[in-house]
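Those protein sequence lines, which keep their order, are chains A and B. Those letters in the first sequence? Residues 1 to 554, per the UniProt record's numbering, in order. Those letters in the second sequence? Residues 1 to 213, per the UniProt record's numbering, in order.
FYI, nobody ran anything at the bench for these hints, they're computed from the structure. One should not assume that every hint holds.
Covered stretches of chain B (chain A as the covering partner; in silico rule of three or more C-beta atoms under 8 Å from a C-beta of chain A) [to be verified]:
#1 14 to 23
#2 99 to 105
#3 113 to 119
#4 151 to 160
#5 191 to 201
Not the full set, but computed from the structure, chain A residues with beta-carbon under 8 Å of chain B [what the hints assert, rightly or not]:
#6 51
#7 76
#8 121
#9 214
#10 310
#11 313
#12 321
#13 470
Every residue, glycine too, gets a C-beta built ideally from N, C-alpha and C.
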Amino acid sequence: MNDTLAGWLQIIALVGALALTFRPLGDHMAHVLTSPRHWRVERLIYRVAGVHADADQQWSAYLRGVLAFAAVSVLFLYAFQRLQNHLLLSIGMKPVAPDLAFNTAASFVTNTNWQNYSGESTMGHLVQMAGLAVQNFVSAAVGIAVVAALIRGFTRKKTDRVGNFWADLTRIVLRVLLPISFVMAIVLVASGVIENFHGIQSITTIAGDHQSITGGPVASQEAIKELGTNGGGFYNANSAHPFENPNPFTNWLEIYLLLVIGFSLPRTFGTMVGDRRQGYAIVAVMALIWASSVAIVTANELHSVSSSVGHTAGGMMEGKEQRFGIWASALFAVSTTLTSCGAVNSFHDSYTPGGGGMTIFNMMLGEIAPGGTGSGLYGILILAVVAVFVAGLMVGRTPEYLGKKLGAREMKFASLYILTTPAIVLVGSGIAMALPGERAAMLNSGAHGFSEVLYAFTSAANNNGSAFAGLSADTVWYNTALGLAMIFGRFLPMVFVLALAGSLARQQPVPVTAGTLPTHRPQFVGLLAAVILIVVGLTYFPALALGPLAEGLH
Amino acid sequence: MNNSFRNSARLAWAALRALLVLTVVTGVIYPLAVWGVAQAAFNDKANGSQVKVDGKAVGSSLLGQNFNLPKKNPNDPKETAQPDPKWFQPRPSAAGTDGYDTTASGASNLGPTNPQLVQTVNDRRKQVAEFNGVSPSAVPVDAVTASGSGLDPDISPEYAKIQANRVAKARHLDPAKVAQLVADHTDGRQLGFLGQPTVNVLQLNIALQQLAG
Numbered sequence: 001m002n003d004t005l006a007g008w009l010q011i012i013a014l015v016g017a018l019a020l021t022f023r024p025l026g027d028h029m030a031h032v033l034t035s036p037r038h039w040r041v042e043r044l045i046y047r048v049a050g051v052h053a054d055a056d057q058q059w060s061a062y063l064r065g066v067l068a069f070a071a072v073s074v075l076f077l078y079a080f081q082r083l084q085n086h087l088l089l090s091i092g093m094k095p096v097a098p099d100l101a102f103n104t105a106a107s108f109v110t111n112t113n114w115q116n117y118s119g120e121s122t123m124g125h126l127v128q129m130a131g132l133a134v135q136n137f138v139s140a141a142v143g144i145a146v147v148a149a150l151i152r153g154f155t156r157k158k159t160d161r162v163g164n165f166w167a168d169l170t171r172i173v174l175r176v177l178l179p180i181s182f183v184m185a186i187v188l189v190a191s192g193v194i195e196n197f198h199g200i201q202s203i204t205t206i207a208g209d210h211q212s213i214t215g216g217p218v219a220s221q222e223a224i225k226e227l228g229t230n231g232g233g234f235y236n237a238n239s240a241h242p243f244e245n246p247n248p249f250t251n252w253l254e255i256y257l258l259l260v261i262g263f264s265l266p267r268t269f270g271t272m273v274g275d276r277r278q279g280y281a282i283v284a285v286m287a288l289i290w291a292s293s294v295a296i297v298t299a300n301e302l303h304s305v306s307s308s309v310g311h312t313a314g315g316m317m318e319g320k321e322q323r324f325g326i327w328a329s330a331l332f333a334v335s336t337t338l339t340s341c342g343a344v345n346s347f348h349d350s351y352t353p354g355g356g357g358m359t360i361f362n363m364m365l366g367e368i369a370p371g372g373t374g375s376g377l378y379g380i381l382i383l384a385v386v387a388v389f390v391a392g393l394m395v396g397r398t399p400e401y402l403g404k405k406l407g408a409r410e411m412k413f414a415s416l417y418i419l420t421t422p423a424i425v426l427v428g429s430g431i432a433m434a435l436p437g438e439r440a441a442m443l444n445s446g447a448h449g450f451s452e453v454l455y456a457f458t459s460a461a462n463n464n465g466s467a468f469a470g471l472s473a474d475t476v477w478y479n480t481a482l483g484l485a486m487i488f489g490r491f492l493p494m495v496f497v498l499a500l501a502g503s504l505a506r507q508q509p510v511p512v513t514a515g516t517l518p519t520h521r522p523q524f525v526g527l528l529a530a531v532i533l534i535v536v537g538l539t540y541f542p543a544l545a546l547g548p549l550a551e552g553l554h
Numbered sequence: 001m002n003n004s005f006r007n008s009a010r011l012a013w014a015a016l017r018a019l020l021v022l023t024v025v026t027g028v029i030y031p032l033a034v035w036g037v038a039q040a041a042f043n044d045k046a047n048g049s050q051v052k053v054d055g056k057a058v059g060s061s062l063l064g065q066n067f068n069l070p071k072k073n074p075n076d077p078k079e080t081a082q083p084d085p086k087w088f089q090p091r092p093s094a095a096g097t098d099g100y101d102t103t104a105s106g107a108s109n110l111g112p113t114n115p116q117l118v119q120t121v122n123d124r125r126k127q128v129a130e131f132n133g134v135s136p137s138a139v140p141v142d143a144v145t146a147s148g149s150g151l152d153p154d155i156s157p158e159y160a161k162i163q164a165n166r167v168a169k170a171r172h173l174d175p176a177k178v179a180q181l182v183a184d185h186t187d188g189r190q191l192g193f194l195g196q197p198t199v200n201v202l203q204l205n206i207a208l209q210q211l212a213g
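Given these sequences and hints, build the entire structure.
Printed below as a string of structure tokens:
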């Protein structure tokens, strides 16, 4: 079988698997988010935590829950890393430096999983499994909880209540993330991913050399790292490391896992709003963007477009693994940057200008195709609100989406949402470029070096966590700046989403008339895709022109 | 003011308790359950797919390693390690100073137009061609590029093939037998369509050692 046919087959198999799980997983999540019944173990958790899981909350109370949980998580994770040498299973690791510990805590709580450290030489096993991996679960669940509140904003009428944060959080962890992770972790171990508590083992090779192998509970962390679109690797090389991703099958499975919740949530949305066609329209836009991006990155990498290194070497294999090759690496790169995952099985810094530039552009789209768990869907719903608004302007009608009027108040929240991330990315990159010391952290020079800085802030503010890893970002300045970018990039948008949810829930739905814009037809799919590209393109074009575009044209 | 402070404190206390109980569930019970099943049912894989020769672990079939000549002066940081002609050589590696450092996995991260990387690729092509006695155009891409993990256990079948004659010569073996060994250790795509064909360098070298006796 040749490369091209094999490459296509793995994509077809992936799309097929996602299509098969779309309905059952989407409907299951809708049930979890709407069922009035609590499990017994959930009641126990509510009792221990001392929360009232039956009390329907106003959007502001819901938000306070989200923020309190995040704040406590950051402090807890910070303390955990600082004190790791006093704890069990530290395998001799020292306390993490204060700025790095802050950056890492912010990173994992915000579902970013940006890593300014190398796992195998920084984190003990207990921090990895009971600190970092716990945030992999709960940060993913918080994303889904917030989108659930937004969907309730559309479905409810004349109320100021959008659900209960503690119930949403607990149920998503226990009924969605935990069972899937458990099964998939076992499949990963059966395929070669390690799961042990060994420290560093030293062995002598047949050539007389020495090798120190770091063990760890990797498979259990790997499963939720992909499923929860977290992306923080146990090892520095992340999913390129053979212990995290030993063969092409595990690679395919990891891509599937990082996409599956994002692509199934539109079904949950359609089911909850009582019109599944609305969900199909959203998933169609996601699939369109994802497929185009896969095509662009794969073509760029296969043909070594504008890459002097690629032409010299005879192919784009720098930073890629032999067992995966170009096709499986490009597929992973696109999927990880279009979700908020940020795990990597190959190193984007060494991609062609077109391929690497596309991975930045994917994140700039706001990670909505399909996006991070929950955050992808609320991101694209905000853009749908903007698309409906634009259409309303064209015909001079008050826009409505799913029966809810989009007035000045709603549009303000949507606009603030859209402005937040670009402001963080562009201001952050601008300041970094203006400071000589921070500029010197670039590994490559010129346009490519600028791309490294732009990538870092784009990745942090969009909570992706992948990197053009040449940038030496483990400095006090970058640890602090990127940590703040992650926190604001995560929680400010959530404030606007929940405020919008509250505002929508209060409305009485307006009846559908002949003048209502249908939001389930191909026309709307095209409109939404165009609005996404125009909004993002106009925002970021100047920055992209200085980085990947300049390098590609050079 | 007092009241709102008390409410915030109560909320933070609830959040902390929720975090702790979820930590027990997802950070202790879950990984221990996976560990238990993994150790019971897939012991070999869960512990890193170790490769043993005469009962002694010599590496993991998943992790690449160096097959270099011993350094003349191990304390000289400037001396670069030289490949040993008696072994099949892995891909270049950016992990650690000498490559294949399992405590520093990672890639070069050099950009696609970086002149330094272009130079490195040209140097590698020249070195590999001379070392194996083949023409520079016969050197495949994986022989001149560093992998993502720096621990890539595999090379392409093409890279293994161009090394076979040199290895046979260095060990005074029949070249046809070494070529056959390469063919035997060439793995096709997984399930017929996933990934790329590979040759696992460590396993090939162990088989080579056994062939040489």
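Going through the hints against the structure:
| no. | hint | verdict |
| --- | --- | --- |
| 1 | 14 to 23 | holds (count 9) |
| 2 | 99 to 105 | holds (count 5) |
| 3 | 113 to 119 | holds (count 5) |
| 4 | 151 to 160 | holds (count 6) |
| 5 | 191 to 201 | holds (count 7) |
| 6 | 51 | 5 Å, holds |
| 7 | 76 | 6 Å, holds |
| 8 | 121 | 5 Å, holds |
| 9 | 214 | 7 Å, holds |
| 10 | 310 | 6 Å, holds |
| 11 | 313 | 5 Å, holds |
| 12 | 321 | 5 Å, holds |
| 13 | 470 | 4 Å, holds |
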